[in-house]
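**Q** If you read the protein sequences in the order shown, they are chains A and B. If you want my numbering, it's the position in the first sequence, counting the first as 1, plus 55. If you want my numbering, it's the position in the second sequence, counting the first as 1, plus 10.
Errors might be hidden in some of the hints.
To be verified - If you anchor each label on the Cβ, the simulated ranges turn out as follows:
#1 A:E104 to B:S45: 50 to 58 Å
#2 B:E222 to A:R136: 32 to 40 Å
#3 A:E80 to B:G224: 18 to 26 Å
#4 A:R78 to B:S250: 26 to 34 Å
#5 B:L129 to A:V142: 38 to 46 Å
#6 A:S89 to B:P275: 17 to 25 Å
#7 A:E127 to B:A84: 37 to 45 Å
#8 A:F133 to B:R134: 53 to 61 Å
#9 A:I95 to B:A145: 42 to 50 Å
#10 B:L129 to A:E104: 20 to 28 Å
#11 B:G265 to A:L128: 15 to 23 Å
#12 B:L262 to A:Q82: 14 to 22 Å
#13 B:P34 to A:V142: 24 to 32 Å
#14 B:R134 to A:S89: 53 to 61 Å
Stated by the list, open to error - Anything over 12 Å on all C-beta distances counts as not near chain A; from chain B, calculated:
#15 L21
#16 G88
#17 V136
What the hints assert, rightly or not - A few chain A residues that face chain B, going by a derived Cβ cut-off under 10 Å, partial list only:
#18 G87
#19 D126
#20 G152
Because the hints were derived from the structure by calculation, they are not lab data. Ideal placement from N, C-alpha and C gives every residue a C-beta, glycine not left out.
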Amino acid sequence: MTTTQTETVTVRVFGALRQAIGRSEVQLPCAGASVRDVLIRLIAECAGEAGSYIFDKQGNLWRSLMLLVNDELVEDAFRQRTNAGDVICLLLPLAGG
Amino acid sequence: MKACTSPPWRLKSPSSQASDARPPQFTEQQIERYSRHIILPEVGGEGQRKLLASRVLIVGAGGLGSPAGLYLAAAGVGRIGIVDSDAVELSNLQRQVLHATSCLGRAKCLSARDTMEDLNPDVRVVPYNERLTSANALRIIADYDVVLDGSDNFPTRYLVNDACVMAGKPLCHAGILRFEGQVTTIMPGAGPCYRCVYPEPPPPGLVPSCQEAGILGVTAGVVGLLQATEAVKLILGIGSPLVGRLLLYSALDTGFREVRVPRRPDCAICGENPTITELIDYEQFCRLTPGRTTPGGGSP
């Protein structure tokens, strides 16, 4: 059985994360999982050091990471569940000027 | 019927108001120079007078400050302060269009001043050949209506944010890296601040600088001009500034995205119970050892 778009969650990444992952968008067949679990799945799917941009060594989300689901700020990535078709955006601040 | 009120982002500083009983008259040359502005109903003669009476501080004469400074000078912003303690280097010239090859080795703030004043003699440029620090930030910012952050490091970005929140000054913020940019406008009291967007800086080394990861020169131009556009709109009191919105630009995709950013009630500086009540040691806050960055708005 193939995964349809209605079962997937899209993760969009920017800046250094985009460079680490090697693409700007990843679709994951894990609708219904918590936002945190989607991110763990993202790290497992992608080679490289994407994980270090998202979680610290204790497994906590970096406070410098902005997490959005459908352009709304995520308050609690552990508890918030995703729905099919959701778009998660991961943003890191940019220091360059 | 609800009473009509001024938008919360309308500038309060008297320098930006053109409500004098006898507004200054334009010279013939000014009428010609600013004719494309004056003909716009949203600007007109009154708006151009606001621009000429306005004062904008640019932190950093680098990739963002250069395009912003050029266009703000061309627009006739009457006083432009420019903070930068660096000297012009060859690697700057791919994007820092305020500086020319003939300016290599010269203080950036002086090179920037000469370029902007040459472009428009109506503009007085005030160079600050020093780093922006916790000791001087509030004093420098006090003389301006709008601040534009074109710095290149996290300690300066948090310092500029905190100083603007404390002083109640509008801040046009932007950051760039590689092919991307982020822009927002911070209006203290009316929307989220930089700490509401990013409560903490990333750990040192996690997010690379333009020096480490590169920056497409034209990306800096696009993003710097978005900042300048925000500043001009604030001065004129027109349109809808990026208050509570973070604009993302991707040069590779040629695309813009916008995300809504709320105020955080627990924000350390603009929240309900702020824990930061005076400017702090921003290198320590960013977990950097002194001397590792250039918290002066420079852009190496």
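**Q** If a hint holds in the structure, say so; if it does not, say that too.
**A** Do the hints match the structure? See the list:
no.	hint	in the structure
1	A:E104 to B:S45: 50 to 58 Å	holds, 55 Å
2	B:E222 to A:R136: 32 to 40 Å	holds, 37 Å
3	A:E80 to B:G224: 18 to 26 Å	holds, 22 Å
4	A:R78 to B:S250: 26 to 34 Å	holds, 33 Å
5	B:L129 to A:V142: 38 to 46 Å	holds, 43 Å
6	A:S89 to B:P275: 17 to 25 Å	holds, 24 Å
7	A:E127 to B:A84: 37 to 45 Å	holds, 38 Å
8	A:F133 to B:R134: 53 to 61 Å	holds, 54 Å
9	A:I95 to B:A145: 42 to 50 Å	holds, 45 Å
10	B:L129 to A:E104: 20 to 28 Å	violated, 45 Å
11	B:G265 to A:L128: 15 to 23 Å	holds, 21 Å
12	B:L262 to A:Q82: 14 to 22 Å	holds, 19 Å
13	B:P34 to A:V142: 24 to 32 Å	violated, 51 Å
14	B:R134 to A:S89: 53 to 61 Å	holds, 56 Å
15	L21	holds, 24 Å
16	G88	holds, 24 Å
17	V136	holds, 20 Å
18	G87	violated, 24 Å
19	D126	holds, 5 Å
20	G152	holds, 4 Å
The structure does not agree with the numbered hints 10, 13, 18 stated previously, though it agrees with the rest.
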